[in-house]
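Engineer: So the chains spell out like this:
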Amino acid sequence: APLPCERSGAMDGASSGAATSATATGTAGDQQVVQFQFYCKLANTKPLATVLGTLMYKPKDQQAVIVAHKQGICFLVEESKKFQCRVYLPQAENFQQYEFSDEVQSVELRINFSIFMECLNIFGTGVGQQHATAMQMAYNSAQSRLILMLEDAGVITEALIHTLDSGLTMRDLHVTSPDGAPAAPALAPALAAAADALSSAPLQDSMSAIFNRHPTVNEVIMQAQLLREALSEMDWSDTHVRLLLSPDKPYFRLSTESVAGSIEMEYPKDATEVFDKFECKQTQTNRYSVQFMKPALKILAVSAKTMMRTNTRGMLMMQFLVMTEEHKSNFVDFVVMPEEGDEQSDDQGGANDTPLFD
Amino acid sequence: NQSQACEAARMRFHCKLQNADLFTQMCSTFEKIAKVIVVHLTPQSVRFIVTGAGVQDNIQVFSQMNVPAFFSEYTVESLNQNEVAFEIQISLLERALKQATTAMATGMKLMKRNGTPYLSVGTEFMNPCHQTVIQDIQVTLLTAGQLASIQEPSVRDPDVYVVMPPLRQVRAVIERMKNMSETITITANMAGELSFKLDTSQVTVTTTYKDLDHPNIEGHPPPQLDKEKRAEVKVSAKSMTKFLGCSQLQMNNVILCIMVPKVVVVHAVFEEVFLTYYLPVMT
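Chains A and B supply the protein sequences, listed in that same order. For the first sequence, the numbering used here begins at 773 and goes up steadily by one. For the second sequence, the numbering used here begins at -2 and goes up steadily by one.
Isolated chain A (complex conformation) (with noise of 0.2 Å):
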């Protein structure tokens, strides 16, 4: 059945949700009715738009894809097949109010993600910020559109985003690894589930699906903030950032290389403070461009625990637990392709290092 209908202009039809009500609702001569493909409803803006900053990387003219089905909603960026990070919003989390068309498994779409942004803090980001802004959010694929409704103490804003072809190129309808499990960890038992609904939809998965073919060799459950610590010291002027994991010591390395010197972190694997789960198989060391790695010093800030992956291509899966300031939990995944090198000389170099202390 269709979904709640829109009149002229703005959403009044939108929030009545249910299908019987959008019959009834759609007769006036002079008003169109149209239909949208899901509709949501939020009172405050801060959470989600907190959780959805973390994946701007680039200063305008961002790009993100939006698959939204049932179980809720997911925004993703993806820099040609180097890098790519998914915003999960499984709609009991976020909205309080979610209606998704019948007619549909899923849509995709297509946005300017900066457009987006800025749309989404139209009344600005600033603490001082006295009131909840509330936004309710519909998609109607017939006009090509994204419309935004934002509401502060009431000023009313309406954003209508026109939306671009998915431009889908590879498309995987199941995401699994290759022993047939989920692709989402568990990292939160009730907040896998979701993502696992939410990934087996038919998305975007290019880069995931590729990380899933390769085997996967080491895997970390660590702290978000120690983690973010040991980011944070790095020296972000390098153009890569190397992580080392292993089975023997150091077990966890962070480092960077510049004219000015090096800079390592190092945790042992049997720091518990740390690490919830520490699984390595093998000694890799793979570089990873510092520009992709800076969203997930932003999606860090926010996180409680991360998972991190590495496979047998070398490339790193980071999956976050996202706690904002409401207790809203949601899910970031991100995946990362190593910068090819020398990744086995690297392992050699390390292994000869005497050690400062033993």
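If you're looking for bench data, these hints aren't it; they were derived computationally from the structure. It cannot be assumed that every hint is accurate.
Partner residues are not named here, just some residues of chain B that face chain A (Cβ under 10 Å, in silico) [said to hold, decoys possible]:
{"hint": "1", "residue": "104"}
{"hint": "2", "residue": "160"}
{"hint": "3", "residue": "165"}
{"hint": "4", "residue": "168"}
{"hint": "5", "residue": "173"}
{"hint": "6", "residue": "176"}
{"hint": "7", "residue": "180"}
{"hint": "8", "residue": "184"}
{"hint": "9", "residue": "204"}
{"hint": "10", "residue": "208"}
{"hint": "11", "residue": "211"}
{"hint": "12", "residue": "267"}
Beta carbons are placed, not taken as given, at the ideal position from N, Cα and C, and that holds for glycine.
Dock chain B against chain A, hints included.
Structural biologist: Only chain B this time, still in chain A's reference frame:
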């Protein structure tokens, strides 16, 4: 030339600054509008003026600060009815005044060195010891003729006039809109409604304010509420941002007037400060 030299010779200006906070805020408000401004001194007031010449978007701003509210021991003398005008790089004046807000005393005067006129700003401190900092800012004196040619635009009665919502809130919205479009359409009616809209190939965004007041304009009959009386103009997002730079002044009576198709005027009054912005309308 001779007459200019003669004029300059008889010019005198010196004063002590009493309201350093507000004066500095005025400087920083104008710094957001233009690099060089005209300072017009009369016995009663100090006016900061942006004439629009050579300014992007041709925004014009006329302002007035009444002497008793800002200065003491204020003297201005000249052959031109005791009025003096000069061009100055406003950021330099703002910088010179940075410490004035915590200084014991601040004074300003016009002086000449090697034939070049300067505005000399002196600030006196007691901590940690008695010290005086003097900063000289080069200025360009205007002749009487040049000053006379600076005229505030004469505009007809507005089609629509409305009291603006709190400028800080409007500023937040316009800052975002400016990132999405170069032009913004302002629509207002005489029934308390004001909206800002942008329309590009990628997005259309409209922000609407309701229940705004319409002021009583002196010498005119009280405003009649009329939804049909509306006006719509397009202005550059940049000039809106320049106007909203005054939001730091915490004015609560800012009136937007639209005279289609010429110009948008915003009158703002705050304590002893009067500001009028003339925003050019785009076609």
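Engineer: So, for every hint listed, does it hold in this structure?
Structural biologist: Status of the hints after comparison with the structure:
{"no.": "1", "hint": "104", "result": "violated (36 Å)"}
{"no.": "2", "hint": "160", "result": "violated (15 Å)"}
{"no.": "3", "hint": "165", "result": "holds (9 Å)"}
{"no.": "4", "hint": "168", "result": "holds (9 Å)"}
{"no.": "5", "hint": "173", "result": "holds (5 Å)"}
{"no.": "6", "hint": "176", "result": "holds (5 Å)"}
{"no.": "7", "hint": "180", "result": "violated (16 Å)"}
{"no.": "8", "hint": "184", "result": "violated (13 Å)"}
{"no.": "9", "hint": "204", "result": "holds (4 Å)"}
{"no.": "10", "hint": "208", "result": "holds (7 Å)"}
{"no.": "11", "hint": "211", "result": "violated (18 Å)"}
{"no.": "12", "hint": "267", "result": "violated (20 Å)"}
Hints 1, 2, 7, 8, 11 and 12 from the earlier list are contradicted by this structure; the remaining hints agree with it.
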